[in-house]
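Undergrad: Sequence lines, in order, name chains G and B.
For what it's worth, my numbering labels the leading residue of the first sequence as 1, then goes sequentially.
For what it's worth, my numbering labels the leading residue of the second sequence as 1001, then goes sequentially.
For the record, the hints were derived by calculation from the structure and aren't laboratory data.
Glycine included, each C-beta is placed from N, C-alpha and C at the ideal position.
Where hints are given, some of them may not hold.
Unchecked claim - Derived pair list, reagent style DMTMM-like, types lysine to aspartate or glutamate, alpha-carbon separation capped at 25 Å: (1) Lys43/G x Glu1041/B; (2) Lys466/G x Glu1113/B; (3) Lys43/G x Glu1062/B; (4) Lys1111/B x Asp86/G; (5) Lys450/G x Glu1041/B; (6) Lys1084/B x Glu447/G; (7) Lys294/G x Asp86/G; (8) Lys1070/B x Glu429/G; (9) Lys1053/B x Glu56/G; (10) Lys1084/B x Glu1062/B; (11) Lys1070/B x Glu382/G; (12) Lys466/G x Glu567/G; (13) Lys31/G x Glu1066/B; (14) Lys1083/B x Asp86/G; (15) Lys1084/B x Glu1041/B; (16) Lys1053/B x Glu38/G; (17) Lys1046/B x Glu447/G.
Claimed, not checked - Pairwise CB distance ranges (calculated): (18) Lys1083/B x Asp380/G: 32 to 38 Å; (19) Glu174/G x Arg1086/B: 55 to 61 Å; (20) Pro1100/B x Glu528/G: 32 to 38 Å.
Single-letter residue listing:
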Amino acid sequence: MSSKINHHRINGQIPQPCPHLAEYRTRNGSKPFRALQECLRVKPLGRAAIRRDPSEVPRCGACGEAARSRLYACVTCAAVSCHSSDSPSPSHAAAHAVSMPPGHEIAVDVDRAELFCCACRDQVYDRDFDAAVVVAQTTASTLGGGSIRSSPPPENLRKRRRVDYRPWTPDLRERVLMTRNSSPLQRTEGADGANLSNLPWGLRGLNNLGNTCFMNSVLQALLHTPPLRNYFLSDRHNRYYCQQKNNASNASKRNAASNDSNSNKNLRLCLACDMDAMFSAVFSGDRTPYSPAKFLYSWWQHAANLASYEQQDAHEFFISMLDGIHEKMGKDKRKTQSQGNGECCIAHRVFSGILRSDVMCMACGFTSTTYDPCVDISLDLEPNQGVSTKMGSTKSHHSCNGEADSMNSSQNCGTSTLMGCLDRFTRPERLGSDQKFFCQQCQVRQESLKQMSIRKLPLVSCFHIKRFEHSSIRNMSRKVDRYLQFPFSLDMAPYLSSSILRSRFGNRIFSFDGDEPDASNELSSEFELFAVVTHTGKLDAGHYVTYLRLSNQWYKCDDAWITQVNENIVRAAQGYMMFYVQKMLYYKASEKPTPS
Amino acid sequence: MSMFLKIYKKQFSCYQMRPSVNRPPTPDARLDREKEPSVLEIINIKLIESGEKERLMELLRERLIECGWKDEMKALCRAFVKKKGRNNVTVDDLVHVIMPKGRASIPDSVKAELLQRIRTFLVSAAV
């Protein structure tokens, strides 16, 4: 099972068949590999092989070799021959092609089910053959109760059809409404005069209210999360209207129950309203630092266990905040489903994606699949100093500054990259003998292979780097300061479930529909970085700073101080949370006539 | 002794090919091989029949990816293809290019682990 992701798209270019393959196809008509299909065996872990007889141990017909070289079976006469790539060693496969009448050049690798031309001494590709192999592999993995389909993919992913974006311009009536109910914002000239007015809208410092840099840093990122910003700035959650509704419903509740403190809490607690107020304040044009005291107080009420002036973790705050928004706004009781769709609240609409987890039994190949929504992806840093220590003296001599697309080189140089972390995240992981998984087909606990992939990308991806190490020996945690390189543009395609499944089946030329017929595969998976939350210092005593990217300029937001910085500063920073937004937004036909 | 005989007989049966179109003349190799199969061959067959070879292959793949060996080979191949041109390279060329470095750069820990697994298997298979 190929566990390394193919970074190139296979669908793009199909290699031209060699003359021998072309001739074989024309001579053998529409189903040239028919005989081979009967010999396709899929091994427990999903790899395809060619065996005439299930228990056959193939060996070279000429020399009896079974272990040292690759073995190829002629597709015309089924003769098995060995092949060695080194010229001195014999290649009976090549000899076979030469000694037989024309038509015996094409062979198939018995252990990999891949086509080979013995005359050209090169691998060749055929669509129909690869299709047959993939079908066999898919069938084999779904035996035993339809394992891949056992937990159906979350509904509503494709229910609403996609529509083209139509820009909106107000008609006359709407224009009147707008001018009557709004007033233009003034760009205030601060003490710095010209300097401040050059800053883009929405850049405003946040005062530190006592070790609240963890909150300020995340808030800065959220204030400039495009979908979130657009939502609040277009008045989709109006705090006055929301409070009115609260008052109304609480009035009736108060008649029923006499618990005053509870109803008071309901009156005040709506994190979304506080966000709305903050957006209004931050985008007002006023440059004096803003104190998010109200928001802090509301959040304390929501996350009582974190309510103190002690230093907190920014990521914990982020999760807690999204949860707080969801709690107030989300009325849907089908929590998991709607979270994945993002139909419950704006927090999930923006940040929620769906992760797919496959657990494959190593004895029989039965795969169990589950889908879970997630609002961010927490990534482990690589355990050692990259991979260079394990390679010892054979450390790579090729330059690390080389190809920009080859992140493999940088891995060998010992630098951790975000894509490397994502590779690790989606790599098949062997669940050890102490973590045996109950296999439904074998009906016993078996060693298994677990692999994660992304079923649905969120609008905004938040990557959280686990920069803490816990040592069970000393029973203490430690911060990992190791530098992580992160790109400004990120293509998430290799980490999608469709790509992971495709790579699991090897290097096949096959437009793999499989069980992922979702149109979202054709959609762009490109993301752009817009905010980085960095941490400096120790585990229990440090400082958070956020870097924001606006109109391709970077700004450092250090509590109340905002300064423009060069992008290299950002590149060199110690990333703790990275926020990426989708480059292309797609629109689905709206269910409701006017969204509230 | 009986174990050898059993394996030898089973081995022999593998030579019986299914009838198929354009079957070539019976390979002469069979006549030459009326001798004891080597220990290597026996071990290989036992490994394959029990499915252990497949598991060992998967383990090896995993370890070679973890230690960066696969990436290193991939980079070598890329460099070679870049030099020769994409359409002028065959699989044989690539195997030939990476073979020496590939064999030499496998970490000792990986070799040791696999040898240990094979030893354990042989002990359990001998009983």
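Undergrad: What are the numbers of the hints that this structure violates, sorted from low to high?
TA: 2, 5, 6, 7, 10, 13, 15, 20
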